[in-house]
Amino acid sequence: DQQVKQNSPSLSVQEGRISILNCDYTNSMFDYFLWYKKYPAEGPTFLISISSIKDKNEDGRFTVFLNKSAKHLSLHIVPSQPGDSAVYFCAASAYQGGSEKLVFGKGTKLTVNP
Amino acid sequence: DTGVSQNPRHKITKRGQNVTFRCDPISEHNRLYWYRQTLGQGPEFLTYFQNEAQLEKSRLLSDRFSAERPKGSFSTLEIQRTEQGDSAMYLCASSLEGRPDTQYFGPGTRLTVL
Numbered sequence: 004d005q006q007v008k009q010n011s012p013s014l015s016v017q018e019g020r021i022s023i024l025n026c027d028y029t030n031s032m033f034d035y036f037l038w039y040k041k042y043p044a045e046g047p048t049f050l051i052s053i054s055s056i057k058d059k060n061e062d063g064r065f066t067v068f069l070n071k072s073a074k075h076l077s078l079h080i081v082p083s084q085p086g087d088s089a090v091y092f093c094a095a096s097a098y099q100g101g102s103e104k105l106v107f108g109k110g111t112k113l114t115v116n117p
Numbered sequence: 006d007t008g009v010s011q012n013p014r015h016k017i018t019k020r021g022q023n024v025t026f027r028c029d030p031i032s033e034h035n036r037l038y039w040y041r042q043t044l045g046q047g048p049e050f051l052t053y054f055q056n057e058a059q060l061e062k063s064r065l066l067s068d069r070f071s072a073e074r075p076k077g078s079f080s081t082l083e084i085q086r087t088e089q090g091d092s093a094m095y096l097c098a099s100s101l102e103g104r105p106d107t108q109y110f111g112p113g114t115r116l117t118v119l
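Note that the protein sequences, when read in sequence, are chains A and B.
Just so you know, the numbering used here puts the end of the first sequence at 117, numbered straight through with nothing missing.
Just so you know, the numbering used here puts the end of the second sequence at 119, numbered straight through with nothing missing.
Hints are computed from structural coordinates only; laboratory data are not their basis.
Cβ coordinates follow ideal geometry from the N, Cα and C atoms, glycine included.
Treat the hints with caution; some may be incorrect.
[Claimed, not checked] Stretches of chain A that chain B covers, calculated by requiring three or more beta carbons in the stretch to come under 8 Å of a beta carbon on chain B:
id, segment
1, 39-51
2, 101-108
[Stated by the list, open to error] In silico DSS-like pairs for lysine-lysine, Cα to Cα no more than 25 Å straight-line:
id, chain 1, residue 1, chain 2, residue 2
3, B, K62, A, K109
4, A, K71, A, K109
5, B, K62, A, K8
Please model the complete structure; the sequences and the hints are all you need to start from.
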């Protein structure tokens, strides 16, 4: 059973527009969420995170929104740039429960067209 | 800070052989994680250490797999009697205890079992 789901395998947007990547989770014990970006043949690179006590966290062009009642989070990238083209993974942990291991979704491949 | 490093980057082996991978974490990080990623999937948790103590192992970690972190610094992951199903990217990550937003990944070791 997949506890973290990214239902869109791919997303294509124009440079300068907004990219919205979505993630759903099923485990109510998850209380910390992270987004990673991954280029081919490299390890995941940390982008941004959010604790369950917040509903929004912003860092430059990246904003993560958390809707706990819907068990849904999203990553917004504004404006999108061609260098943002990569696979984006959503990850979750049950941090307050003492587990910092990450449970990942399958990823969404973002393509930003010039 | 040189980040998390992993060696080798690529390993090709024949079925039935033993292989060993090494991970050097960020120096001040006391937690070290191993994940495995197969094609089209997100990374899956295998095991993690706090200093030299192995605190959790996934059921994915069969008895052919063993991990060590002898002095609380670098870690090794050994796979005995490799099988074709072991072909994957093996990722190492490290973090500070209590700081899930500091879980940074290395570049990974790509294992191909022929």
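Verification of the hints:
Residues of the segment 39-51 of chain A lying with their CB closer than 8 Å to a CB of chain B number 7, which satisfies the three-residue condition for coverage. Counting residues of the segment 101-108 of chain A whose CB lies closer than 8 Å to any CB of chain B gives 7, so the stated coverage by that chain holds, three being the minimum. With a C-alpha separation of about 21 Å, the suggested pair K62 of chain B and K109 of chain A falls inside the 25 Å cut-off, and the hint holds. In summary, the hint linking K71 of chain A to K109 of chain A is supported, as the alpha carbons are separated by about 21 Å, within the 25 Å threshold.
Straight-line distance between C-alpha atoms of K62 of chain B and K8 of chain A comes to about 23 Å, which keeps the hinted pair within the 25 Å bound.
Figure legend: structure checked against the earlier numbered hints; every hint is met.
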